[in-house]
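Heads up: the protein sequence lines correspond to chains A and B, in order.
In terms of our numbering, the first sequence opens at residue 1 and continues consecutively.
In terms of our numbering, the second sequence opens at residue 1001 and continues consecutively.
These are calculated hints, taken from the structure and not from any lab test.
Bear in mind that the values here come from a model prediction, so they are computed numbers and not experimental data.
This list has only true hints and no planted wrong ones.
If you only want the chain A side, here are some residues facing chain B, beta carbon under 7 Å, derived:
hint, residue
1, L320
2, G321
3, Y323
4, E325
5, G326
6, E327
7, E330
8, V334
9, S337
10, I338
11, A341
12, V347
13, P348
The calculated PhoX-like cross-link candidates involving lysine-lysine, where the alpha carbons are at most 25 Å apart (straight line), are:
hint, chain 1, residue 1, chain 2, residue 2
14, B, K1042, B, K1054
15, B, K1185, A, K366
16, A, K144, A, K290
17, B, K1346, A, K346
18, A, K366, B, K1366
19, B, K1141, B, K1292
20, B, K1366, B, K1185
21, B, K1290, B, K1144
22, B, K1366, A, K185
23, B, K1141, B, K1282
24, B, K1141, B, K1290
25, A, K312, B, K1346
26, B, K1282, B, K1144
27, B, K1006, B, K1042
28, A, K346, B, K1312
29, B, K1312, B, K1042
30, A, K290, A, K54
31, A, K290, A, K45
Cβ coordinates follow ideal geometry from the N, Cα and C atoms, glycine included.
There are 2 protein chains.
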Amino acid sequence: MEHLIKNLEELLRLAEGSEDREAAELALTAASEAIRDVLPDKVVKRSISLREDKLVVRGVYESSEIDLSRYDRIWVFGCGKASGLMASALEDILGDRIAGGLVLVLEGTEDRIRTSLVEVMGASHPLPGDKSVRGAEAIVKQLKRLGERDLVLFLVSGGGSALMTLPREGVELEDIVEVTRQLLKAGADIRELNAVRKHLSAVKGGWLARYAYPATVVSMIVSDVVGDRLDTIASGPTAPDGTTFRDALEVLERYRLLNKVSSRVRRMLEAGASGAIPETPKPGDPLFRKVKNIIVCNNASALETAARVAEKRGARAVVLGSYIEGEAREVGKVLASIGRAAAHSKVPAEPPVLVVAGGETTVTVKGEGRGGRNQELTLAASLKIRGEVGVVVCSIGTDGVDGDTDAAGAIAYGNTAERGMLMGIDPQEALDRNDSYGFFSRVGGLVFTGPTLTNVNDIMLVSVVRNAFN
Amino acid sequence: MEHLIKNLEELLRLAEGSEDREAAELALTAASEAIRDVLPDKVVKRSISLREDKLVVRGVYESSEIDLSRYDRIWVFGCGKASGLMASALEDILGDRIAGGLVLVLEGTEDRIRTSLVEVMGASHPLPGDKSVRGAEAIVKQLKRLGERDLVLFLVSGGGSALMTLPREGVELEDIVEVTRQLLKAGADIRELNAVRKHLSAVKGGWLARYAYPATVVSMIVSDVVGDRLDTIASGPTAPDGTTFRDALEVLERYRLLNKVSSRVRRMLEAGASGAIPETPKPGDPLFRKVKNIIVCNNASALETAARVAEKRGARAVVLGSYIEGEAREVGKVLASIGRAAAHSKVPAEPPVLVVAGGETTVTVKGEGRGGRNQELTLAASLKIRGEVGVVVCSIGTDGVDGDTDAAGAIAYGNTAERGMLMGIDPQEALDRNDSYGFFSRVGGLVFTGPTLTNVNDIMLVSVVRNAFN
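Chain A with its partners taken away, still in its complex shape (with noise of 0.2 Å):
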């Protein structure tokens, strides 16, 4: 099977010795099997399955069986970088059922789709563009129309708020993106942002069930946000929503932002908050008997294949979890001392062993140099690990690119950091100025994968092949 990884066999030459590489192998492999398990043609074909009439959509947490005689047509829509391949495998399975349909996907890589009925839209990403209204009214525009007798897959993933983005009537696109972004330089969370995107927006919050109604719709969701939340993931378009234009009121005011934001943010705001227009579809709003949400995938998915790989070629697995979170310099420094330790005393498990963690960390910009958060999390564990043996550590985007770079992210050997010093680029220098693509890039480590069209966040590997401790 061909190898995910494209530089696979630079990276191994960059093995100090053979158990260097024998670590480096496992955790390669293992990635490269983790993140070829989540693609999105292969996530479609393994969680569906037709046989006359019962579809059935197979999710991480629950499933569901549709009975399709009850439905005249079948509709594929769709936001976010996967929609694209995960339409085309419907097309595979579902073939001329399908009636039609439109998916968003990332600008640039409609030509990586085949579809022959579903529609394909490039939008833009991460801030939305016009394409992605264009999209957005096109979809909802078509959703309007079904009645009780139609179904509609929509498929979800990463990109999918920004892709298909609507503002709602009385607020423009550029209002939306102002106001992000000064929520995010204040240093809101997820949580809060949403609050109040989802009340500028005629798309996200369960506004996308609302319009499909009395449709039927199951959201095939691809999740690339740690825990889960439905009503996170592509800011939740048929998700309900729990959250009040009160709430969204209360974030800006909490940030002292709300006399900075325009005029017209403040006054749809303050018109909901009044009951003056509709809030966005809330729980228990008996629309959502329609709907199912299924997670199809999602980074559990990816670990649990990772550690599938560790032990079929022999070595133990100790699996950390899909809710990892934190600085990612620090993240990478205690993943290096359980490398450490199981090396050195044995735990978590003798070696050979693979350590698998997953979630999505965050770099604390201070520097200049240029990376992603993958990156700068290997460097900082290449500090730690430094002068081992047989013991790497690597963390990898799955939608292979991380942060600005063209890179998937990075492997670090126990000689890593020495590689760096003997040629003059001190690690620890770099990591102070951000620049871990700075440092693999010319030591050494860069992992490739290009764009892989799938996004279950991040898998971050320590392998220990040789047992310090006899």
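Since the structure of chain A is provided, determine the placement of chain B on it from the hints.
Chain B alone, transformed into the frame defined by chain A:
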């Protein structure tokens, strides 16, 4: 058995329900037992056995059998917070086979130590004072008198570096204090710090072993250093020194301190580098054939006990090892993440589970608040386990003293952050101000043990008793 945690009942009353309570009981009991097992007298009694003339010292990594018939006299010397209680336990085992000796302990703790043959002297910590020097002089003087048929049991533990201090002839105590301060401020790490300090000292870096020669020295070491490096614990008084005068000078050059340190310091290091005065004893020096350095207990020992307690109570134990380092608040987030994974996705193990980790985190102080690394770790974790049921995070310094506070550490429940908010004490804001003590002292959660007189760094526990997935 008496609980080492003095305010156990009060801490359990903070639980929201029976699952919280169960989780807290598991964590706090494991912590209490883990610390009890590394108390100095316990450690000595566990690691020493005497049958007729055979004295066996069992260490974590290696053991040593000593034929007492080859010696006329047994001496007990030592330095460190644990050395007093260790000496007392040795007297219980060896009785009047001990000829005499002297241990240097923390000032104010002398009255907790009952010895009749070994003298106990208090000295100051963390900054060395006159008593540290007088104590060191007394030990050196006695060691220099010993001959081939003398056996020295040297008791080393955390704090020993300050409690036993002797400037090399030509530098003053104030020089060492000042250069230490300058190096710490400049961001030097412990290895760099020690390279300099050992070369200004007449006792660190193996010098004590040299004075004792030709007597046999068996050092019994309680490690408070991540990685258990013999040359780092208490600055390695009986361990060979791999660093040189040249290294010490390079450290000062690296931090541009060569012109800022006292002229005495500079002169001494330059004299040493030019070979004018003797180096510290080096690895391979024949004198070390007469020396055994045995780590009798370390952080891993405590973690093993915690894991055993969990298993005895029917819970799974996942040990992440003793190498945990990193910024306390970020380590707290990672540990909370792993707890959430256990609660929601049954990895690394299905609840009930106790995740056990240890090491030494750091706190980058930015605010004016009070706290310690264990409390700060726990406060950060409280924000990540907010709303969870049956999940607690607990971090405790095994010495019973966290930072500049009277608490040993803290425990956080799923309701801790909320409880703070309801009382008008914002946990995030407290964290921003490094005011973990201020937060927990008002909201509840400080763990009190009092000074334990031992130190094997910190233990960090995440206890998960509920499976939120089902």
